[in-house]
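The lines below spell out each chain.
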Amino acid sequence: MLSETEAAELLSFLSPETRPDVKGQTTEYILGMSGNRDGCRFLRSKADLLHAVFALTSDPSIAIVKDCYHILINLSADETLHQVLVADVKVLPVLLKKLLDPEYVFADQICSILSNLTRHTKTCKTVLKVLQEEAGLSQLVTIFCTEGYNKKANFHYLGPLLSNLTQLPEARDYMMDKDRCVIQRLLPFTQYQASVVRRGGVVGTLRNCCFDHARHEWLLSDAVDILPFLLLPLAGPEELTEEENEGLPVDLQYLPEDKKREDDPDIRKMLLETLLLLTATGGGRNALKDKSVYPIMREFHRWEKDVHVTAACEKLVQVLIGDEPEQGMENLMEVDIPEDVEVKLKEADVKEQEELEKEQEEMRQEEEKKKSDAPGTDKGQDDGLTR
Amino acid sequence: MASKEVQHDSDDGMDEFMDKFKTQNYKNAFSEDNWEEEFDRIPMFMKKAPEEIDPQKYPELACLQAILHDEDRPPEEQAKGLKDEGNAYFKEKNYQKAILSYTAGLKKKCGDQELDTVLLTNRAAAHFYLGNMRSAYNDAAAAKKIKPEHLKALIRGAQSCIELRNFSEAVQWCDEGLKAHPTDKKLQELRAAADKHKRAKERDARKAKIKQKKLLAEKEALLAAIKDRGIKLLQSVKPRPSGSNSEDEDEGSSAAISQLSLDGLGSQEATGAQVFLDEQGSLHWPVLFLYPEHQQTDFISAFSEKDCFLDHLAIMFGEELPPWDTDRKYHPNNLQLYFEDEEKDTLYQVNQETSLLHALQHKRFFVKSGTPSFIVLVKISSFSKQFFTGKTIRNTMEDSSLLW
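Those sequence lines, one after another, are chains A and B. If you read the first sequence in UniProt numbering, its first letter stands for residue 1, the second for the next number, and so on. If you read the second sequence in UniProt numbering, its first letter stands for residue 1, the second for the next number, and so on.
Honestly, the hints are just simulated from the structure, not real lab data. Predicted model, so just to flag it, every value in this text is computed and none were measured. Incorrect hints may have been included.
What the hints assert, rightly or not - DSSO-like, lysine-lysine: derived pairs with alpha carbons at most 30 Å apart:
(1) A/259 - B/201
(2) B/147 - A/178
(3) B/201 - A/260
(4) B/109 - B/97
(5) B/198 - A/151
What the hints assert, rightly or not - Distance ranges between label pairs, derived from CB positions:
(6) A/238 - B/322: 49 to 59 Å
(7) A/133 - B/202: 39 to 49 Å
(8) B/216 - A/191: 47 to 57 Å
(9) A/238 - B/165: 28 to 38 Å
(10) B/165 - A/261: 28 to 38 Å
(11) A/303 - B/230: 39 to 49 Å
(12) A/349 - B/182: 40 to 50 Å
(13) B/131 - A/261: 42 to 52 Å
(14) A/358 - B/182: 50 to 60 Å
(15) A/138 - B/165: 27 to 37 Å
(16) A/303 - B/216: 21 to 31 Å
To be verified - If you want the footprint, here are the derived chain A segments under chain B, 3+ residues with CB under 8 Å:
(17) 178-192
(18) 247-256
The beta-carbon is built from N, C-alpha and C at its ideal position, and this holds for glycine as well.
Isolated chain B (complex conformation) (with noise of 0.2 Å):
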């Protein structure tokens, strides 16, 4: 703005530029409109810095920018200069823009040890809040390399393996740095964190181990109830995919073991149901009833051994009939059951008054993918004539050449 007051004693040209003002309108003034916006164009008070330094639009910023990287400059001072730049994204959180600067100040390789253990540091810090944990532990790993005993890198490396989960090693950095700084709060709480937290890793490593001895012994047990029995699990031909239903697989099961869990657990039909031994030493099935007439089935989820099907039946055909069951024949009385031997395609009767676990004892019983299934037709029905052509009809009560 002119002023007033002219030096008289000045003999640059400065008494006649003044004068200028006297005459002359200020040209490139700041307008009432848009002062604010020019305002943010000057770098000195631009609040943030732009994503991207367009020389048009800001040449000054532009030629700021120009000065700091001038390769010109000996590597420390370009360094300092970056670690600057790098500081100011980081207190933006512009973590990503921070490590590039911080980046770029490692890469002029200045020498200044205190410089790179700065840059080193800085890096592992806006790492860690990126949540690259691998890269601020190499950072911070670094820095401590040249510089044993900085602090700030001794606190962002115990940080950083707390994070990943190595906290054996989280206790290593807090007592290396605690011989240094014995007094450092931060470092007393990390290490006491990182404490608490291996203990209870280890803690659960140790209950994860029981558990699945328990269920290592569960398994036994169960499938030495099946063999005692003398019930035949038939072996799947084709490989299940791994992890398909067996979440609680343990790697090292005998095959016996894998056989039972590849048979015994998820069929198609089945809702995951599988065998178990109850308390008091008694085996329940889940038990597929198949109504070929029909195309229907019936899924028993915990079938005990001891039950015979009469009881089962009485319930499922009992007080209504199935829906599908249209021709209103399937009373219990009226149904004879049988299992069959695919192999020999052959059908056993099934007396209803037997138990379940006499049914699976029977010589030529397998029990497929761990559910013993029983086919139900009714008797002399033209239905069951036709179902019966190819096949042999056996009595399970009759042949004296089936063992038990």
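Next up, chain A with everything else stripped away, as it sits in the complex (with noise of 0.2 Å):
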């Protein structure tokens, strides 16, 4: 990597005086730097070199405070980065406070960085606790919520940043405090066609809030209704019945002909993730029970190619159709497991996901074998980085 007196001359180059043209061959140089695992590790060790950039996210010129950013993003998407940047470079209370203005032009890449802070539950709590000191959970669910808040900004990435956050229990209990209206706000972001990360961000939120097991009935019930915003995505424009239209929950009743299904198959994945989840108890089995979600579920089954969405969804139908729990196990979560059984359980969780792997492979293959020649498309996992 490079020297001292090379780094030395680096930090010299960053200050706010430099000619800009130096600056910005310097910011650009640092930038390339933090594409990498190595450039980031060596970073971490300068300080002083990140305090330099992170001043620089106030110059004049847009394009430095541009690479800045994105310097910062790559570094917070590295997890051996965050202690320096939170504790010593202090990013988090003036991000905050630039996120909040409706006029930031960086917002975008705020929340990028924000989110990545945020994967890992150490740092998690503390943005949290930042967060709440300077503006509160509240203003960010509003900020998320509000159209068009910053005309030069979408907010799509507070959608991870919320759904990371409800990791922790002190953020689940903010969303779903029952005093006031916040999860209500994000259940119509499930069928939020223009952003997928918006989508996945409050659906993993969704999930997330889903954990807990004692306020299944109070999501289900009329105060949140949480189940055909959950649903929604999953359904089809397959004609049902009118018997089985009349069962459903209003907002799956008559779906038009030109109804398309979630997307992305992790999306689905955690949505079916999140209707298992509530037929833990078995008033939220009941629920769906009741509300006839079977025949949602049978399209979705003939519909959906992907094998691991297709076990995840066929758990669901499971219990939907199958018996009640015997006394003493209606809450499935709160099942005590014994160890051997646990054992051979996992054992056999690991091998249907071996089993699913080969299943896909042979898919791919075939699929393969059909078009020869076109390219499989890089999925692009969202791994933060800017390059």
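Reassemble the complex: the two chains are provided individually, in unrelated frames, and hints are given to aid placement.
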């Protein structure tokens, strides 16, 4: 990597008084460095460089500010950088303040940084704490749900941010505060066509929230009515009988023939997992059974091609059509599983995963044989890195 | 009443004044019979305000009102007085009067934003209770403009939106309100209700759309079936009054379908019966039998195209002959069926054993008003002879030029 003198030289180039072209070249260079792991690790040890970069986010030159934000996005994608960024450079209060500014041009970049910083529990806790001090989670939700809050930013990455924050029980407590109207405002976004990031973030948030089974009754009640919003992305244009329609929740009745299902298989899987979570309690199972969710799942199962998603669907259907568990075991999340059974179940899970992978591989090979020259599109996993 | 105690140390004319009562009776005291009435006329003891304040009858009240509306007082005071007046009327559920007071208060343009907001919000409430939802909405919106966080205005606005069935907007009002008052139960309640209504409304629209589509498809299938059989429908010349019989008429339907609707539905004789296609793909027609000799008709609401005329005639003239058949001539084997080609003044004989479908498919058969009609005459009768004058008779079987 760089020597001490070289690093010192870089630092001098980053001072606000430096000529813009030199500053620009320096930030470009650092951006390149931040694009790979070794560069990141090097920068981790150079807190003063990081300070300088962060300071330049207030630079008059838009190009430089942009580079600096991209550097920060890259750095925040690496968990080992979190401590120095948050504790040393103390990025959070400044970033949060700018985030709330409806005129701030780089609000989306801030969302990406925060989203990265909240991936892992430790820094996530810190972010939540500072957030509650500076702005409050309520502000974040408001910004997320208000169209046109900032003309230059779309805030889609607040979705994953909220999802990450709800790993923490304090965040979930806030989201599901019965005296406020928070989670209800997120629900319509499960169908938000324009951004898969936003949609995925919201579904992730809902899934995390459903881990609190004490709140299931409330979530399924009219006060929140979470069920239709989970089912709508899974429902399709297939015509159901009048009887089947009338038994469904209102939002799922009489869907038009151009109804499309959720495109992204990961999101579909998350939705099914969320529904499965809701079947943990007897009340939840009854609610789903009462609302005739089964026809939707039946048609979905016919349509779904992805083996992992199909497996999740089958798990759900099994619970829906299965018998009620015996007394004392109604809450599936609180059942005590004897150790040997647990081991066996884990083994079965692993085996099932392997089989699914095999099946998927076979399917893929078949597909490739059919179109031998079509390159498979890189799904482009979002790891937060900007190059 | 007379006071026994006399203040000795007062030096105004109090002593003399009080002394008077020792000797004179108190005049104008309440008498026992009318004291309640009298009480009611003293403003302080009035239980409710009289409709009109007649200065003669209620001089004190008129005086108070004059004070209230005294133009010399500063506008804020006047406006506040009018607000109080409005509130008093409101309490009595006299909403019309309340609105007048509030309006007068607003007209003062006193410049006190707080007061104006309250006047508007209260007027909105009065309108709401009268059922004037649009006015209630407008007033709530005006109040919100002055003070965007005024809770009562926000609640009233949301409620009006719900009554006006603008559910999306109602939710917006609630969300705005919840920003400033996140824990307000009423707003949360209204939001949930509005959201629920909104989604039900969307469902109803979807359901109606699907139903409409289905109806359209059925109509098209029907039309196609008729066309495939080579049956001709006669277009009405007279335009039908809009919305007369066709409550399920689709606005954007094709001309052919509207023609069918125009012709097929409710002619004067029919009971709204229309040709339909059954599950096996057979058509059933409403059919008229005309008996010109006796000026009578028979109407069969659903004559299957597969049935032949004899099937029906045997029933209609089977057990009992109709009461109008005074000469007892109308036995099925005495009867001859015809259909009329009006354009060419021609009557075509129809064999009783033909099926309806066959008859309808005749080159010169035109279905008028969606209801095929057939003339029934007694064979070789004087009436028939008369009836035939000026008309050509053709036998549907013989004429080789006829194509089916």
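Taking the hints in turn, this is what the structure says about them:
no.	hint	in the structure
1	A/259 - B/201	18 Å, holds
2	B/147 - A/178	27 Å, holds
3	B/201 - A/260	21 Å, holds
4	B/109 - B/97	20 Å, holds
5	B/198 - A/151	28 Å, holds
6	A/238 - B/322: 49 to 59 Å	54 Å, holds
7	A/133 - B/202: 39 to 49 Å	41 Å, holds
8	B/216 - A/191: 47 to 57 Å	28 Å, violated
9	A/238 - B/165: 28 to 38 Å	31 Å, holds
10	B/165 - A/261: 28 to 38 Å	31 Å, holds
11	A/303 - B/230: 39 to 49 Å	43 Å, holds
12	A/349 - B/182: 40 to 50 Å	42 Å, holds
13	B/131 - A/261: 42 to 52 Å	44 Å, holds
14	A/358 - B/182: 50 to 60 Å	51 Å, holds
15	A/138 - B/165: 27 to 37 Å	30 Å, holds
16	A/303 - B/216: 21 to 31 Å	27 Å, holds
17	178-192	holds (count 5)
18	247-256	holds (count 6)
Of the hints listed earlier, the one the structure fails to meet is number 8.
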